[in-house]
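Chemist: In case you want the letters, here they are:
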Amino acid sequence: MKIAIIDYDIGNVQSILNAFENQGVCAFLTREKNEILDADGVILPGVGAFSHGMGCLKKYNLIDTIKEYVKTNKPFMGICLGMQMLFEESEEFGTTLGLGLISGKVIKLPIQRSKFEKLPHVSWNELSNKNIRWDGTILNEIEESSDMYFVHSFVATPKDERNILSTTEYSGYEFCSSVKKDNIYGCQFHPEKSGKIGLKIIDNFVKICKEKNYE
Amino acid sequence: MNKIRVIARIDVKNEFAIKGIHLEGLRKVGNPNSMAIDYYKNGIDEIVFMDAVAAYYDRNSLSNLIQSACKDVFIPITVGGGIRTVDDIRIALKSGADKVAINTAAVQDPDFINKASKIFGSQCIVSSIEAKKVDEDKWEVYTDNGREPTGLDVLEWVKEVEKLGAGEVILTSIDKEGTKKGFDLRLNQAVADSVSIPIISSGGMGNSGDAIHLLKNSNTDAIAIASVLHYGLENIQDIKRALLDNEIRVRL
Numbered sequence: 002m003k004i005a006i007i008d009y010d011i012g013n014v015q016s017i018l019n020a021f022e023n024q025g026v027c028a029f030l031t032r033e034k035n036e037i038l039d040a041d042g043v044i045l046p047g048v049g050a051f052s053h054g055m056g057c058l059k060k061y062n063l064i065d066t067i068k069e070y071v072k073t074n075k076p077f078m079g080i081c082l083g084m085q086m087l088f089e090e091s092e093e094f095g096t097t098l099g100l101g102l103i104s105g106k107v108i109k110l111p112i113q114r115s116k117f118e119k120l121p122h123v124s125w126n127e128l129s130n131k132n133i134r135w136d137g138t139i140l141n142e143i144e145e146s147s148d149m150y151f152v153h154s155f156v157a158t159p160k161d162e163r164n165i166l167s168t169t170e171y172s173g174y175e176f177c178s179s180v181k182k183d184n185i186y187g188c189q190f191h192p193e194k195s196g197k198i199g200l201k202i203i204d205n206f207v208k209i210c211k212e213k214n215y216e
Numbered sequence: 370m371n372k373i374r375v376i377a378r379i380d381v382k383n384e385f386a387i388k389g390i391h392l393e394g395l396r397k398v399g400n401p402n403s404m405a406i407d408y409y410k411n412g413i414d415e416i417v418f419m420d421a422v423a424a425y426y427d428r429n430s431l432s433n434l435i436q437s438a439c440k441d442v443f444i445p446i447t448v449g450g451g452i453r454t455v456d457d458i459r460i461a462l463k464s465g466a467d468k469v470a471i472n473t474a475a476v477q478d479p480d481f482i483n484k485a486s487k488i489f490g491s492q493c494i495v496s497s498i499e500a501k502k503v504d505e506d507k508w509e510v511y512t513d514n515g516r517e518p519t520g521l522d523v524l525e526w527v528k529e530v531e532k533l534g535a536g537e538v539i540l541t542s543i544d545k546e547g548t549k550k551g552f553d554l555r556l557n558q559a560v561a562d563s564v565s566i567p568i569i570s571s572g573g574m575g576n577s578g579d580a581i582h583l584l585k586n587s588n589t590d591a592i593a594i595a596s597v598l599h600y601g602l603e604n605i606q607d608i609k610r611a612l613l614d615n616e617i618r619v620r621l
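Chains Y and E supply the protein sequences, listed in that same order. Per my numbering, residue 2 is the first one in the first sequence, and the count goes up by one each step. Per my numbering, residue 370 is the first one in the second sequence, and the count goes up by one each step.
Worth flagging that the hints you see were computed from the coordinates, not collected in a lab. Heads up, some of the hints might be wrong.
Output of the computed footprint for chain Y on chain E, the stretches with three or more beta carbons under 8 Å from beta carbons of chain Y [as the list claims (entries may be wrong)]:
no., stretch
1, 459–470
2, 491–502
3, 520–534
4, 561–573
Just so it is clear, the structure is predicted and the values come from calculations on it, not from any experiment. In this text, a Cβ means the ideal position worked out from N, Cα and C, and glycines have one as well.
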């Protein structure tokens, strides 16, 4: 089992490596095209600004590699900014184009910023099931209302509601907290920072990769 | 109401977790790594490691500690103390920290917060503010673990760090720190009402009643606990249940 974590100089990747290791799987950091295409599963991590993230993917010629990998139908998961970049564009610092793998835009959390409603949204928060069953997905056997760790100011708004795997409410606004489109997954929260339940999501991803491997 | 985060704060000197009163008179209380793992297993929401002497000696020595803690602790980790350069932040993040807390370096060069948040994102940059009461409803910013007065007003400074791009503030009351006599309510109210970024309140908690009193009466977003956990006065689940019983939402 080979899980590639895309290395493009963004964020805390050590925790993601550790989370896979904790599940008994060896994950590795790479930006080499062959290693990525050859992997059984690929993670796109990321925190920070959308435009900076896309800029770094471009700098290391990773955009085409990611698109090519996704076409192989093997599992792919974006985390936090890595999920946001799956979409067509973001309004962070003007409009920046994303990977365009899932239809929809990334917008600033539309809450009235105040001493009561703070940005960034930094907290543990609950997952709700709206549209699709979680069986067989990264949220397999995860209970509704499970708390995950979030830290972000922007959210993805999928055009097709069938892509919304879970939603989460912050200051009265319900946003898409995880997505699924075919073999592509994304979570706005950090599974690698969400305790035991987060590790279960990592384990679910590994299981999906294994199943694909046997097909 | 959004969920409140219950954070363990572990101050570190050399290889030991330490605890003082008013950030002084430091005593060894345990091994920081095993304490972090223990708190994680008992349901803490985040861990903050603070190097208590780094700023004083001009160094940052927590990266080994973070590296080993991250292997077993799968919740957010913040590291503070001696973070002075972009490279220091890079090393901390590479070791496995999610956020860095910056105090002294930001006071000396406020643009450092701006620069760091542009490179790493605001979510990664926590402004650490040590506050000492100087008058009725007036607090002064201190640095170097409560040693150096700066002349800066806390309420002005917190607005400044928000503007500069800090994503959170960890606010330590020097007057209350280590006393177990409760949080400085006025300070936390005033700071949390001055900005719209999350505030972590640190310093003074002696029991869950202190936390309830603070959280019922202020807009703070998180509490950082040290003595209560280090000395085993109450366990994490009991604290969280006490908060829930008082209609304060937390993750169980």
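Chemist: Please go over all the hints and tell whether each is borne out by the structure.
Modeler: Hints versus structure:
With a threshold of 8 Å between beta carbons, the proposed coverage of the stretch 459–470 of chain E by chain Y holds, since 6 of its residues qualify and at least three are required. For a cut-off of 8 Å, the count of residues in the stretch 491–502 of chain E with a CB near a CB of chain Y stands at 3, and the three-residue condition holds. Counting residues of the stretch 520–534 of chain E whose CB lies closer than 8 Å to any CB of chain Y gives 0, which falls below the minimum of 3, so the coverage claim is violated. Chain Y is given as covering the stretch 561–573 of chain E, and this holds because 7 residues of the stretch bring a CB closer than 8 Å to a CB of that chain, at least three being needed.
Comparing the model with each numbered hint stated earlier shows that hint 3 is the single one that does not hold.
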